[in-house]
Each structure stands twice: as structure tokens, then as C-alpha cells.
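Colleague: So the protein lines, in turn, are chains D and S. Residue numbers are given in the UniProt record's numbering: position 234 of the first sequence equals residue 234, and the series is strictly consecutive. Residue numbers are given in the UniProt record's numbering: position 3 of the second sequence equals residue 3, and the series is strictly consecutive.
Careful: at least some of the hints might be erroneous.
Under 10 Å between C-beta atoms, here's a sample of chain D residues computed to sit facing chain S [unchecked claim]:
id: 1; residue: LEU277
id: 2; residue: ARG278
id: 3; residue: LEU283
id: 4; residue: ILE296
id: 5; residue: THR297
id: 6; residue: PRO376
id: 7; residue: LEU516
When the alpha-carbon atoms are kept at most 30 Å apart in a straight line, the in silico DSSO-like pairs for lysine-lysine are as follows [said to hold, decoys possible]:
id: 8; chain 1: S; residue 1: LYS133; chain 2: S; residue 2: LYS179
id: 9; chain 1: S; residue 1: LYS126; chain 2: D; residue 2: LYS97
id: 10; chain 1: D; residue 1: LYS97; chain 2: S; residue 2: LYS179
id: 11; chain 1: S; residue 1: LYS127; chain 2: D; residue 2: LYS97
Simulated from the structure, these hints should not be mistaken for laboratory data. Where a beta carbon is used, it is the ideal one built from N, C-alpha and C, also for glycine.
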Amino acid sequence: MNTTALIRLILRRDRVWQPLWILSVALFVATTVATIRQLLPTRDAVLHYVEEIARNPVILLLQGPAYGDSVGAAAAQQRAAATTIFAALASIVLLVKHTRSDEEQGRRELVGSAAVGRRAPLTAALTVVLGANLMLAALIAVVGVSAGLPPAGSLAWGLTAASGGWVGAALAAVAVQLTQSARVAGAAAFTVFFAAYLLRGVSDLGGPGMEWLGWLVPNGWFLRARAFGGEQWWVFALVAAFVAAMAWAAFALSARRDLGAGLLPPRLGPARAPAGLRGPLGLAWRTHRGAALAWITGAAFIGAGLGLGGQTAVETFGQSGALDYWAGRTGEDDPARIFFKLVVYELAVFSVSLYAIMTVLRLRGDEATELFLSGPVSRTRWAAAHLLFAVTVPVAMLVIAGLALGLGTGDFAGGLALTTVILPGIWVMAGIAVAAFGLFRRAGAVVGWTALVLTIALEVAWEVGLVNDSLFMISPFAHVHYSTLASPGPGTLAGLTVVAAGLAAVGLYGLRRRDLTL
Amino acid sequence: MTDVIEIHGLTKEFGRVRALDGLDMTVREGEVHGFLGPNGAGKTTTLRILLGLLRKDGGQVRLLGGDPWADAVELHRRLAYVPGDVTLWPSLSGGEVIDLLGRLRGRADARRRDELIERFALDPRKKARTYSKGNRQKVALIAALASEVELLLLDEPTSGLDPPMEAIFREVVAEERRKGRTVLLSSHILAEVEALCDRVSIIRDGRIVEAGTLAQLRHLTRVSVTAELARVPAGGLPHVHDLSTDGGRVRFQADTDHIGDVLAHLAQYGVRDITAQPPTLEELFMRHYR
Chain D
1 MNTTALIRLI LRRDRVWQPL WILSVALFVA TTVATIRQLL PTRDAVLHYV
51 EEIARNPVIL LLQGPAYGDS VGAAAAQQRA AATTIFAALA SIVLLVKHTR
101 SDEEQGRREL VGSAAVGRRA PLTAALTVVL GANLMLAALI AVVGVSAGLP
151 PAGSLAWGLT AASGGWVGAA LAAVAVQLTQ SARVAGAAAF TVFFAAYLLR
201 GVSDLGGPGM EWLGWLVPNG WFLRARAFGG EQWWVFALVA AFVAAMAWAA
251 FALSARRDLG AGLLPPRLGP ARAPAGLRGP LGLAWRTHRG AALAWITGAA
301 FIGAGLGLGG QTAVETFGQS GALDYWAGRT GEDDPARIFF KLVVYELAVF
351 SVSLYAIMTV LRLRGDEATE LFLSGPVSRT RWAAAHLLFA VTVPVAMLVI
401 AGLALGLGTG DFAGGLALTT VILPGIWVMA GIAVAAFGLF RRAGAVVGWT
451 ALVLTIALEV AWEVGLVNDS LFMISPFAHV HYSTLASPGP GTLAGLTVVA
501 AGLAAVGLYG LRRRDLTL
Chain S
1 MTDVIEIHGL TKEFGRVRAL DGLDMTVREG EVHGFLGPNG AGKTTTLRIL
51 LGLLRKDGGQ VRLLGGDPWA DAVELHRRLA YVPGDVTLWP SLSGGEVIDL
101 LGRLRGRADA RRRDELIERF ALDPRKKART YSKGNRQKVA LIAALASEVE
151 LLLLDEPTSG LDPPMEAIFR EVVAEERRKG RTVLLSSHIL AEVEALCDRV
201 SIIRDGRIVE AGTLAQLRHL TRVSVTAELA RVPAGGLPHV HDLSTDGGRV
251 RFQADTDHIG DVLAHLAQYG VRDITAQPPT LEELFMRHYR
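So here's chain D without its partners, still in its complex pose (with noise of 0.2 Å):
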């Protein structure tokens, strides 16, 4: 009952967030189309890629293989696996939004007081993202044939990118069910949703024989549309199938609990706090550790894993010559080293500036705990507290990842060389975010994210050659750059870190004087 006046909350909550990511997603695969135009111009560049790529351990592990040889099937090995996980990541953070935040915070019941049936919150959270992904799947198909691809693909990649938020959508819906902690819901939901799309990752990787393991999961299903390639629309069937699935799981599942509970009942804490709990860098400590050990431990997996199948992918791109032209754009004469560092640079670079910003970004959550502040301890110090993780926390990861690197390749120098040079970049970012916190309250989260993708529309922009090369050196990456372009001395890492230290300096000065959000 009532379940359109609940979308209609819904869409009035998000009016920016859900245009933006969707927007966001569909321009992803505009420029992938305009990039992969551009590096393999000939039809002979196209085949001689889908060869290489065949035999490439990491790009099948993480991208998957490619299952057709024009420019649209390059185009969706490239990226349509990424866009499965954008996809997933935003639906997955919309339910949880209007499912269990809403119930950890009270407004579900004021909701629910209202003449509003049981599963009407539910059903209004799944219809909202459910079609939100649909127009995702429109819009990628506009996308691909304005983009002079043929229909039916482009039609099979939008589908495809849909499945993979339906499929996190579905994942998120029962994991609310069982959580209190919107959070820890959104992240169960998230981890099932990656180690399923790794576990298709090593059944493309193990070649025939294993295919059977990735047609156990769903995203061996819609990573399995062959887009471009003779595509198999069934597949889809199956996804709708589990969405369904998982749906009605959800549903019974919230008809068997009370509001405001989980499925498994909360475990009770210690009466008494620990001795390491005082001040606010225990606090910190206690908020941040969790995600900390997380990233870390991610991290290092994600070096290992590159760096032992990274080796396989320098020795055979290092006889293809399809990678020519980008090759020289970024300097360098062996393509195969490039490609390598290229990989290592945008995973750190990116996943780790998101961290940082993230961590950065949890000071406005505790800002609103008044208690904490209307105690002898001072603004500058609380957030300190805070940013001393946004801080070493990725020089945690890096360090990490670069000696998982090494771990592969046998080279620790050179993997530690390859991660930790860009360390001063990602305080450059997570200084933006601190500057914006502390000057613009409200704002400050918009700011942060919108320079991440700026920097990240930047990065993509100077690859295809939109961007030359001096309006690429606003992004702080671009001095620790992976390719000739940079060559990043002692001078450089200085000068970022002091670039990254005044943005941090503002902030708190900001901080100090303003008006606190409570």
C-alpha cells in the first residue's frame, strides 16, 4: 500500500545522486568506445589485440576475455566488466540507503506508522533501483549505436552493466534483512558480489575446462551475453530468475523479523571500555580500523595477483605491436612495460585516492556526535585524529602492494618505486577533501568526490588525447605520472606533500571557525 508515494520520496531523495551515477556510467563507456577507436585504428590492430588478450592471464582474471573481433567486442572486454561493477556498487549503496539506514535511523518507523503496508519500503527501494538500472541499460545502448556500434550489442552491453546492479541490488536486499549495521550490510553485500565476479574471473582464466565454474555464479551469466559477438539473450533469463529469487528471499526474510532488527542478533560489547579507548585517537582508532584492515588486506592481494600474472602480460604484449600508438603518446618505447605500469598506477592510484577521501569524508558522521566535542579535547585535535588515517593508511596499502608486486615479479624495488611514488599525489586528494570539510560544511563531501572524478575524467581524457599535456598537470597525479611525462624527483614528492599539507592546513583553519553540523 502506498508504495508509489514512497518512490516518489525516494526520487525526491535522490534526484542528484541517481542521475549522476547513472550519467556517469554511460559517459564510462563513451569514452571507452572513443579510446579503443583511437589505439586500434585498423581492423588488423582490432584482431591482433583480441589475440593478445586470449592469452593474458591478469586482463581475463579482471576483465574477462573478448568474444568477437570488431571494435565494439574490444570495447566490451575493455570495460563492460567494470561497468557490471559501478553498477552494482551504486545500487548497492541506493538500497541499503532507503532500506536499512533508514531503519537504523528511526525514519522507517515514522514511515512505517504511516497507512503504509509492511513490504512497501522494500518494494519501493527494489522498484526505484531496479529501473533506475534499466534506464542504465537504455542509455548504454544509445550510447553504443550513436556511437556508430551495431544495436544489438550495444543493447546486450547495457543489459549487461543492468544485471550487474540488479544482481548487487538483489545481494543488498536480503543482506539489510540480516544486519542490523547498514553498513556492514552494504559491505556483505559488496564482497559477495566481487568474490563472485572473481571466481568467473579464474573459470575464464582456467580456459574450457572450467568454464562450468563460472556459469555458478550470475556474474558468469551477464558477463556471458557476448556482446558483439552472437549474443546469447537468454542469459538474462537466468539473471531475472535470481533476481527474483533473491527478492522473494528478502521478503520472507522481513516478514520473519521485527523493525529495527537483524536476522542475527546483535552481539553484546564489553561493559567496561578497553584502556586503549581515551581521547580522540582511540576513537579514531576503534572508527577506522575495521576499513583499515579491510584495504590492507585487499590490497595486498591485489599487488600479489598482478604481480604474478602482470610478468605473463609484459612478455606477450612485448611482441604486439597493438599498443603502438599509445605507447608513444606516454613516452615510452616497450609497450609491455608501459601496459604493466599503467595497470598498477590507475588501481592505486584510484582505489586508493577513494579510501582516503572516504576516510576523510567519516569526520562529517562524527562531527555530529556533540557529546564528543562539548569535551575538553579540540577541534583541530578530533579531526587530526581522524586525518592521521586518511594519511598512513595508504602508505599502509601502498607499501603493502608494491611488496606483493615484487612478491610476483621477483623485483621489490621496482614494485615498491612503482606504488609509493604516487603516495604524495593521494594526500594532494585527500587535502581537497579536508579544505572542503573545513570550509564549506555541507558541501565538503561534493567537492571531494567531484575532484576524483575530475581527476579521473582527466586521466582518461589525456589517454585518448583530448587533454594535452600541460592542462593534464592540474591533477596531482600527473606529476607522478606512470609514463615519460614525469619524472618524479625528491623536488616533486616535496612539493606535493607541502601542496597536500596546506590544502589540510585551510581546512582545519576552516574547521576552527566555523559553525559545527550537529
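Position chain S relative to chain D; hints supplied.
Modeller: This is chain S only, laid out in the frame that chain D set:
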């Protein structure tokens, strides 16, 4: 006796909304001061300015002899605060929050902590996420009351508590007063203020409209009279307000200063029965809000 809180002409604007409009208030050492007003009158804004969480736009504010904005950290060692809407860290247990805040203020009394947990019947092992509003409020109250501080700032501390817990709260505040602590208690529960407070300030639209002891406030105001008369007065009576008639029965409010004249005048109509009551705090309060 010195003043713990002195506020003169305090103003604060949020965008175009004027939250405080020249507020004056004084809280003396060792008193329990009631801060009365309906929602949105500016009580919480005043408390947050006293805590240096918000910045004042104009006027003077002194807290424990210091400037609440510039000397915030030093002053916070000497006070404890209970917010009106208590948010805690969801993954910390109640006991952990109490200890964290106690260690932060540096003067936590472990025996008092355990005693208060027992009196308020709080389970300190539960995660803050699972507490109700009342239980979150108890966590903040216990943390504040277990600290050896000079001043307690309490923002509607009982709004989520059930009546037995409210009674315990009153006992505890009375104990604190005996120890010589100063308490600023913002509330709109008038019975609570009447029972606990030495002096009150009533706020309306960002200004103090009435301040003083309860006796002073009563004196300034009117007496409620109900009388049974032989004849009903045709017109109005002098110094009488809100006159209503029901058969031979009349009810009205009389100015305290002219109560003698009113009774003399009333005698002409043949008084059969009369009751007169001093105004309750509620009547005082409602006068400013009608």
C-alpha cells in the same frame, strides 16, 4: 556569589532566520537554573553557543569566567553536557561510551559510574545502535553525572525517560545541588522545573521574557479565582481578566497587586463560595505563549 553564566544581548542567525535576538541570562554559582521555552525558541542554540560548538553573531557571553569560543577546551574540563538529541557511536557499547567520555574529561569517578548505571537500570554491554532514545539519554546522563565537574548543562535530559527514571533523575540532580554544583536545565516539563529549580528564565523567540525565582514570578502575575455568586455581574470587573460565567459560577484571573480591590468589589454580588490559587508555573508559562 559569582555568576557562572553571563549572557548579554546574544544574537545568532542561521541564514535569514534569527534564532537568538538579544538574549540576556544569568546563572549563579550553586543554583539549579531552569531554562524554559517551547521547541524552536532558541534553548539548544544558546547551549551550543555556551559550548563553543556554534559561534555567536553578537553580544557578550561569559562561561565560568572564560570565553566559550576561544577557551572551549579549558572550559570543557570543568563542565559536562547532555544534548537534547543524543547520538552515539553505533558500534560502541554504552559502557565504552561512558568510559570514553569520562576519560576525556579526566575526572571520572568509577564508583559513582557504577552506582549510576545501577540506579538508571542501564545495560552497559549493549551496542549503542540498539539503544532506544531514553537509553541513549541515560548513557549521556551517566557520563555527565559521574564526572567531577562544576557545571552541568542539560538539554531536555528527561524527554525520553519514563516516569520512574524521571524520578531518579530528580533525586540525582538534587544530590548534585547539595554538592554545590551549578546546573542549567533546559526543559519544557514544567513540573520538573518547579520541583528542581531555584530560578528560571523563560525564552520566547530568541529573547528572555521572564526571569527570576518562582516566588518572584508568581508575585508579578495573577491569581486564579473561582467564585459562586448570588448575582452575576452585568459588565466586567476592574483588574479582572479572562472572566467566564457558568450560571452563578464565575472564573477569572485577578492582578495580584489589586486582589483586595477585586474582593471588595466582588462582595457586592453576594459571595457564597470562593477559592483563590497562586498561578502554577504552567499558567505563568502559558501567558507568554498564548
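Colleague: Determine for every hint whether it applies to the structure shown.
Modeller: Right, here's what the structure says about each hint:
{"no.": "1", "hint": "LEU277", "verdict": "holds (5 Å)"}
{"no.": "2", "hint": "ARG278", "verdict": "holds (4 Å)"}
{"no.": "3", "hint": "LEU283", "verdict": "holds (6 Å)"}
{"no.": "4", "hint": "ILE296", "verdict": "violated (19 Å)"}
{"no.": "5", "hint": "THR297", "verdict": "violated (19 Å)"}
{"no.": "6", "hint": "PRO376", "verdict": "holds (4 Å)"}
{"no.": "7", "hint": "LEU516", "verdict": "holds (5 Å)"}
{"no.": "8", "hint": "S/LYS133 x S/LYS179", "verdict": "holds (29 Å)"}
{"no.": "9", "hint": "S/LYS126 x D/LYS97", "verdict": "holds (24 Å)"}
{"no.": "10", "hint": "D/LYS97 x S/LYS179", "verdict": "violated (47 Å)"}
{"no.": "11", "hint": "S/LYS127 x D/LYS97", "verdict": "holds (21 Å)"}
Violated hints, in rising order: 4, 5 and 10; the structure is consistent with all others.
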